[in-house]
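Chains as they are written, first to last, in this note's numbering: chain A, 5 to 205; chain B, 939 to 1024.
Calculated from the structure, these hints are not laboratory results.
Keep in mind the model is a prediction, meaning the values are calculated, not measured.
Heads up, some of the hints might be wrong.
What the hints assert, rightly or not - Calculated Cβ distances over 10 Å to all of chain B for the following chain A residues: (1) Ser-22; (2) Ile-28; (3) Glu-66; (4) Glu-92; (5) Phe-121; (6) Phe-188; (7) Leu-191; (8) Lys-192; (9) Val-198.
To be verified - Derived BS3-like pairs: lysine-lysine, alpha-carbon spacing no greater than 25 Å straight-line: (10) Lys-197/A - Lys-978/B; (11) Lys-12/A - Lys-989/B; (12) Lys-997/B - Lys-173/A; (13) Lys-978/B - Lys-176/A; (14) Lys-173/A - Lys-989/B; (15) Lys-163/A - Lys-989/B; (16) Lys-78/A - Lys-36/A; (17) Lys-12/A - Lys-40/A; (18) Lys-145/A - Lys-38/A; (19) Lys-93/A - Lys-67/A; (20) Lys-163/A - Lys-969/B; (21) Lys-197/A - Lys-969/B; (22) Lys-163/A - Lys-997/B.
For glycine and all other residues, C-beta sits at the position ideal for the given N, C-alpha and C.
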Amino acid sequence: MEFTFTEKSITLDKELNSLDRFTISFCKKLDKHKVKYCLVSGYVAIVFGRSRATEDVDMLVEKMPFEQFAELWKEIRTELDCMNAFSEKEAYEMLCDGCGLRFHEFNQPLPNMEFKFIKTITDKYTVENSLELRLNKHILKISPLEIQIAFKLYLGSEKDIEDARHLYKIFKDNLNMSKLSNSFVLLKVPHEKVDLLERIN
Amino acid sequence: MYYLKFHTKKLIYLSELTDLKIDFAELEEQKRRNFRERLKFIDWYAEWLKKTPNEVWSKAQNAVVEQFPKYPASRRKSAAIKTKKS
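My request is simple: use the sequences and hints to build the entire structure.
Following this line, the structure appears as structure tokens:
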């Protein structure tokens, strides 16, 4: 795998798939409306080669005023449907209540973009410290890998542990180990789970 | 007659199932073994990725990622137009 890694960015050129194109197209709309966002969870592992599919792409978004959201909603809804809200007012209320909106191509529920406002302190940290992924000259904002790995271990399902291990194995030589350790401490990830990044038994 | 045969077979099958004595310790060990095997695969696959050109691994990965059949683009477009009108 060839990529260029810096503290603030990763550059990767590869054959794009429909999940990448869906994500790129959605993120371009956010950039157009100057919305601060960050892609997290499964997509971050998949874009770096993880061998699994996903039904959705998870995105954290900085909270914005209703007027700005309404403009963004109008733009998104020209191309995409929303699974769980039918007006910008309803959608905004759901976001403010901590619920995610799911956007998808018309008559094509999979994949869908789960769009959520920042809620927790880790959400805020993730968006504020997002990495720039230069994917075939498109710019996407993704979670810092250290917090992503720690969060996946915190979630703890077998799939999440596998995602964490995948990212760790690919980027082991590039990760900031001190940030990684701090992320484990922050999320209170137990030692036996941290060990699963390296050991088998 | 078929109806009777089918439902009798179903009842026999169900009773055979309830007669099974599940060894849960064995199942748990199988679950752990399966997870260990998956972690070994993750390691092998990550090493393969690291030494494989991007155009090669991404093509291989896309066979997994591109699972969801696409609704024809023309039908999606007409659905989008209907939404705009409403």
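What are the numbers of the hints that this structure violates, sorted from low to high? Number 1 - this is the single hint that the structure violates.
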